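Trainee: In case you want the letters, here they are:
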Amino acid sequence: MSDGPAAQSPWQTMTISRIEKRTPRVTSFFLEPSRPFAYRAGQHVDVRLTAPDGYQARRSYSIASAPEAGETIELAIERLDDGEVSPFFHDIAAVGDEVELRGPLGGHFVWSDSDGGPLLLVGGGSGVVPLMAMIRLRAARRSAVPVALVFSARVWDEVIFRDELIDFHDRRDGFDLVLALTREAARRPADYSRRIDAAMMEQSMLRLPAPPRFAFVCGSNAFVSAAAQALIDAGVPAGLIRTERYGV
Amino acid sequence: MVTRGFSSGRKPPTDADARIPPGQYLEQGFPVLSAGPTPRVRTEDWSFTLKHGPRPIKTWNWTEFNALPLTKMTRDIHCVTAWTKFDTAWQGVLVDDILADAGVEPPTGFTLALSFDGYTTNVPTQDLTAGKAMVALLYEGKPITPDHGGPARLLVPHLYFWKSAKWLNGLQFTERDEPGFWELRGYHIYGDPWREQRYTGDP
Ligand SMILES: Cc1cc2nc3c(=O)[nH]c(=O)nc-3n(C[C@H](O)[C@H](O)[C@H](O)COP(=O)(O)OP(=O)(O)OC[C@H]3O[C@@H](n4cnc5c(N)ncnc54)[C@H](O)[C@@H]3O)c2cc1C
Numbered sequence: 003m004s005d006g007p008a009a010q011s012p013w014q015t016m017t018i019s020r021i022e023k024r025t026p027r028v029t030s031f032f033l034e035p036s037r038p039f040a041y042r043a044g045q046h047v048d049v050r051l052t053a054p055d056g057y058q059a060r061r062s063y064s065i066a067s068a069p070e071a072g073e074t075i076e077l078a079i080e081r082l083d084d085g086e087v088s089p090f091f092h093d094i095a096a097v098g099d100e101v102e103l104r105g106p107l108g109g110h111f112v113w114s115d116s117d118g119g120p121l122l123l124v125g126g127g128s129g130v131v132p133l134m135a136m137i138r139l140r141a142a143r144r145s146a147v148p149v150a151l152v153f154s155a156r157v158w159d160e161v162i163f164r165d166e167l168i169d170f171h172d173r174r175d176g177f178d179l180v181l182a183l184t185r186e187a188a189r190r191p192a193d194y195s196r197r198i199d200a201a202m203m204e205q206s207m208l209r210l211p212a213p214p215r216f217a218f219v220c221g222s223n224a225f226v227s228a229a230a231q232a233l234i235d236a237g238v239p240a241g242l243i244r245t246e247r248y249g250v
Numbered sequence: 144m145v146t147r148g149f150s151s152g153r154k155p156p157t158d159a160d161a162r163i164p165p166g167q168y169l170e171q172g173f174p175v176l177s178a179g180p181t182p183r184v185r186t187e188d189w190s191f192t193l194k195h196g197p198r199p200i201k202t203w204n205w206t207e208f209n210a211l212p213l214t215k216m217t218r219d220i221h222c223v224t225a226w227t228k229f230d231t232a233w234q235g236v237l238v239d240d241i242l243a244d245a246g247v248e249p250p251t252g253f254t255l256a257l258s259f260d261g262y263t264t265n266v267p268t269q270d271l272t273a274g275k276a277m278v279a280l281l282y283e284g285k286p287i288t289p290d291h292g293g294p295a296r297l298l299v300p301h302l303y304f305w306k307s308a309k310w311l312n313g314l315q316f317t318e319r320d321e322p323g324f325w326e327l328r329g330y331h332i333y334g335d336p337w338r339e340q341r342y343t344g345d346p
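Read top to bottom, the protein sequences are chains A and B. Counting from 1, position 239 in the first sequence corresponds to residue 241 in the numbering used here; the numbering is continuous, with no gaps. Counting from 1, position 49 in the second sequence corresponds to residue 192 in the numbering used here; the numbering is continuous, with no gaps.
Hints listed in this document are in silico derivations from the structure and should not be mistaken for laboratory results. Just so we're clear, the structure is a prediction, and the values are computed from it rather than from any experiment. Heads up, the beta-carbon is just placed ideally off N, CA and C, and yes, glycines get one too. The reader is advised that the hints may include incorrect statements.
[Said to hold, decoys possible] Here are a few chain B residues that face chain A, going by a calculated C-beta distance under 10 Å:
id : residue
1  : GLY179
2  : PRO182
3  : LEU193
4  : TRP337
5  : ARG341
Looking at chain B on its own, in the form it has when it is part of the complex (with noise of 0.2 Å):
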């Protein structure tokens, strides 16, 4: 349906067309957007377990996680309220990596992202393996702001960004796609936003 006098100045240069998911706008800022208070977790604090259900697999520090190999990834994000921010600069250590440390193949095929204001987000396994995803530790070269979710975040910036789960502190596999937070709350349970999964129901 056209809409009665919308026209907009603000298109995007026809060469980002491809790049921009449906329903999508380019934002050249970084909006920020969560369920709560932004928690204050100091990196003496900090640590991240793996688990396989309940049962923890291995724990780093804040110094021990640091010292595993950094990767940098520049990728367009995609937040379900619309809008794309295109090439932000990440750098972190892979998932593949977190693995490869702990010296395990992933044991499941989901997994679910915890973080330390109790946020969950579902992930499956095979979307942040191969390279797809990290535990990211810096923005644009600084420490992750808590506003975005520092110390550490997840990346998988192939979905919409909700499943970039903030203030991360722990993966865990599970048996079954357990709905994480927002899952449980109307979001979709995938969140491909080139299929604009954006909520419950979307196909």
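Bound conformation, chain A alone (with noise of 0.2 Å):
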């Protein structure tokens, strides 16, 4: 049984268009789909890369871009030095290479300013992507559902979407970015430098003007695990908190 077009497999052909390395351990490739691509802000993709002996290596990106910014889509990928698909795009694929997708996918941890707020956000490294094109959409479409993001990284220069993030923080229309650095001090009066816990979550909170209607949390399943604890902690219903783990 089957929903879609019969005939058409569920890959496509997407031709990257743009590369720009966001930290030193983090770089976007921008993809122009071949096909039609609608998507919310959340959702991921399954990338398939395949050797000539037939081969295949499988991994799942979030989409970073928002459904607003037009077909291009952006995956920001970390390099995991010793991975096998991650340093492929770091260190081999370049603009013009086509990369098989599929997607989509996933259809929990999404967000559309029509769902209403007060939104929490909470990413740790490479985790806030899918928070990223939840953040653009909101920009885009001039929403004022209030939104706290909280992101962890290592050091300031590990800040992912770093300016842009700053930038929309800086409107102050309703987003604020709190960062928290684990192996650095802080820089901005807002952030912290260690580790989130249910003390970051409750002040974060004070942030937005009425508790949160929904949670989301995005990030290495040990992030997953101590962010979630700590939003519990911190008194936030747990039906309220959406978890997307990077697996590993």
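Can you join these two chains into the complex? Each is in its own frame, and there are hints to help.
Mentor: This is the structure:
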């Protein structure tokens, strides 16, 4: 049984049109779909690489761009030195190359301005990627939904999308950025230099005019477990918390 | 389509090929994926209920459930996020033994697995019986950690692993095949890894 057009493969070829280094370890890849690609903020794609002998590797990547950004989709991929797929993107993939993608995927870790708020977003490292899509969607739609992002990174230079996030914060239109740097001193007055904990969650929620209606938490498994527990300890009902775990 | 410049040194040994379903890769660790925070269910508060529709057939507390016959199952598992892990070793109570203790035959052809956090997933009843599935209580001889679904999780190793519901607290027989949590959010209604039934619309 099939919902889609039976003959069409769920995989499509996308062409890399631009590559932009975001931080020392994270690079954005901008992809042009060959077929219409409609998605929601928070969703991910599956990427499939095929070797000449037919061997395939497949991984999931969240979409960083907002649906409003037009046809191009942005993936922001962190390099894991001993990984299989992320070093391929960092070391080999070039503008003009084609890769196979499937998606958009995931119907739970998604948000649209019509879902309302306030929204509490908690990201660790590349876990900020799907949250960025939500923040960009809010900005593009000039939504008034209050949003606080607590973003944990090791150091200031590893804060992915840093300039853009600070820009959004400086608009003072209901978006607040709180950085938690784990291996460096905080630079902005509102920031922390420690790992995420319940007290930080409580204080960050005070930046919202009302308790959050949804909390989205994304990152490595260890990060998500710790951050979700911190939210629960700060009084956020477990039923409001949605998580996306990168598995490892 | 061959990807320019991609070749991997990470190929599974050829004798392992036959055990890896299409589109999967071999994983040595044990990744954790779930839709929400990890519920901490104390065994004192734990219970398991077998239901036919809304009607409970039988409920067990932790002690009663642990008194049911324990079976060992060592199986390869396949996660829809594309990792496969060989030879995971579980112990638990076969669904057959739960039915026997309740003194019932499966009343319908469809089952919904129910979890403490409200998660549900649907599995045809015949995929749960005849030794195919269990309610697992131990992983590698130790209590299952909360991250991996403890105190008890469903184990249906021949389907994608989201069907093996974590933090299980019941099985409900339903008249129709009712899509569960992920099945309502774009994932396949059945989920056979060998036919690559990952998402809605896959054959
Ligand atoms: C829904 C979802 C969304 C995601 N979104 C993003 C995103 O936006 N950005 C992002 O960067 N990542 C994202 N990820 C993670 C991503 O899918 C990959 O897991 C990640 O890029 C690592 O893949 P890899 O092939 O480079 O590393 P892998 O080859 O998978 O290895 C991962 C790690 O495991 C170890 N490892 C595992 N197996 C072996 C082996 N056989 N030999 C040696 N080492 C091994 C390595 O040490 C390595 O560091 C997402 C994951 C999910 C599930």
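Trainee: For every hint, state whether the structure bears it out.
Mentor: Evaluation of the provided hints:
1. GLY179: At about 6 Å, which falls below the 10 Å cut-off, the nearest Cβ of chain A leaves the hint on B:GLY179 intact, so it holds.
2. PRO182: At 7 Å from the nearest chain A Cβ, B:PRO182 passes the 10 Å test, so the hint holds.
3. LEU193: Constraint on B:LEU193 not satisfied, violated at 25 Å.
4. TRP337: B:TRP337 check fails; min Cβ-Cβ to chain A is 16 Å, beyond 10 Å.
5. ARG341: At about 8 Å, which falls below the 10 Å cut-off, the nearest Cβ of chain A leaves the hint on B:ARG341 intact, so it holds.
Of the numbered hints given earlier, the model fails hints 3 and 4; all others are met.
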